[in-house]
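I would like the entire structure built from these sequences, with the hints used as guidance.
Just so you know, the sequence shown maps onto residues 2 to 260 in my numbering.
Treat the hints with caution; some may be incorrect.
In silico DSS-like links for lysine-lysine, alpha-carbon gap of 25 angstroms or less [unchecked claim]:
(1) K222 - K18
(2) K18 - K218
(3) K18 - K215
(4) K82 - K18
(5) K18 - K160
Per label pair, the in silico range of CB-to-CB distance [as the list claims (entries may be wrong)]:
(6) W49 - L129: 36 to 42 angstroms
(7) D126 - S176: 23 to 29 angstroms
(8) G237 - R257: 28 to 34 angstroms
In short, the hints are calculated from the structure, not lab data.
Glycine residues also receive a C-beta, built at the ideal position from the N, C-alpha and C atoms.
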Amino acid sequence: MGKHYENTAGNKKRYEKLDDIRGIALLNMIAYHAAWDLVYIYGTDWGWYRSEGAYVWQQGICWTFIFLSGFCWSLGSHVWKRGITVFLGGAVITLVTLLVMPQNRVVFGVLTLIGSCMLLMNVLDRWLRRVRPGVGMAVCGLLFFLTKNINEGYLGFGKWNFFRVPDVLYHDIVSTYLGFPHRGFYSTDYFSLLPWGFLFVAGYFTFRFVSGKKCMKTFEKSILPPVEWLGKHSFGIYMVHQPVIYAILEIVFRARDLM
Numbered sequence: 002m003g004k005h006y007e008n009t010a011g012n013k014k015r016y017e018k019l020d021d022i023r024g025i026a027l028l029n030m031i032a033y034h035a036a037w038d039l040v041y042i043y044g045t046d047w048g049w050y051r052s053e054g055a056y057v058w059q060q061g062i063c064w065t066f067i068f069l070s071g072f073c074w075s076l077g078s079h080v081w082k083r084g085i086t087v088f089l090g091g092a093v094i095t096l097v098t099l100l101v102m103p104q105n106r107v108v109f110g111v112l113t114l115i116g117s118c119m120l121l122m123n124v125l126d127r128w129l130r131r132v133r134p135g136v137g138m139a140v141c142g143l144l145f146f147l148t149k150n151i152n153e154g155y156l157g158f159g160k161w162n163f164f165r166v167p168d169v170l171y172h173d174i175v176s177t178y179l180g181f182p183h184r185g186f187y188s189t190d191y192f193s194l195l196p197w198g199f200l201f202v203a204g205y206f207t208f209r210f211v212s213g214k215k216c217m218k219t220f221e222k223s224i225l226p227p228v229e230w231l232g233k234h235s236f237g238i239y240m241v242h243q244p245v246i247y248a249i250l251e252i253v254f255r256a257r258d259l260m
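Next up, the structure:
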């Protein structure tokens with residue numbers, strides 16, 4: 002979220018294609034949320050949206066945002082300020098949805114997760130730098146795979162559940178934040194530290210693995226300037242996109258009812 006630079010031999014290099022990638026993910030997210038509003042708020046009968054294909058679409062958007070945020074963490078400046086800003090953005094979304102549409106509330110959403118990861122990385126970076134990037138990528142990838150189903154009470158991924166996690170861990174709001182949601186917890190957008198923090202850190206190690214290598218040059222030049230602009234302003238757009246979508250749909254449906 003923001004501009005991505007790297008200091009190399011005293012020069013700052015700009016990686017515009019990273020904003021291209023984020024911009025594409027942002028457009029997909031806006032389309033996905035517009036479809037969500039149509040189905041769950043306006044009652045549109047669209048069976049595909051509840052299918053495996055739609056789930057893969059949603060997961061691809063989430064994975065891209067979280068992994069890319071970890072990848073870009075080392076490129077940004079004002080790391081504490083960025084982390085606090087994103088975390089507070091998540092808190093604002095939680096507060097607004099609780100007040101305006103509690104039945105569709107967002108608690109521990111993706112901004113809360115990414116902000117938390119940014120802040121934790123400010124503390125953990127000095128120790129993680131001692132880990133070889135290739136090892137870190139492999140370990141974090143494996144841990145993400147093993148904990149992907151932890152919100153449902155299992156260690157496992159997708160349809161594979163390897164081990165039942167003790168129910169005693171799923172008991173309060175703190176455990177829910179960590180990845181062990183308590184009974185009765187509900188959120189339309191829930192991203193806990195486990196498993197998603199491992200994906201963020203995998204992105205961090207991936208950047209360290211490729212940093213300074215020729216492959217990084219492929220990220221220097223944007224090929225989609227309008228999409229790059231969206232990627233550079235992704236935080237602000239994320240904060241306002243749902244009210245804008247809702248307002249547009251409300252106008253469309255009210256106009257339809259008047260016809």
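How the hints compare with the structure:
Taken as a hint, the K222 and K18 pair is honoured in the structure, with Cα atoms around 6 angstroms apart against an allowance of 25 angstroms. For the hint linking K18 to K218, the alpha-carbon distance of about 10 angstroms falls within 25 angstroms, and the restraint holds. Taking the CA atoms of K18 and K215, the gap is near 15 angstroms; set against the 25 angstroms cutoff, the hint holds. About 24 angstroms separates the Cα atoms of K82 and K18, which keeps this hinted pair within 25 angstroms; it holds.
Under the criterion of a C-alpha separation no larger than 25 angstroms, the hint pairing K18 with K160 is inconsistent with the structure, at around 34 angstroms. A beta carbon spacing of about 41 angstroms between W49 and L129 agrees with the range 36 to 42 angstroms that was offered as a hint. Distance hint check: the CB atoms of D126 and S176 are about 26 angstroms apart, consistent with the given range 23 to 29 angstroms. The given range of 28 to 34 angstroms is respected by G237 and R257, whose C-beta atoms sit roughly 31 angstroms from each other.
Comparing the model with each numbered hint stated earlier shows that hint 5 is the single one that does not hold.
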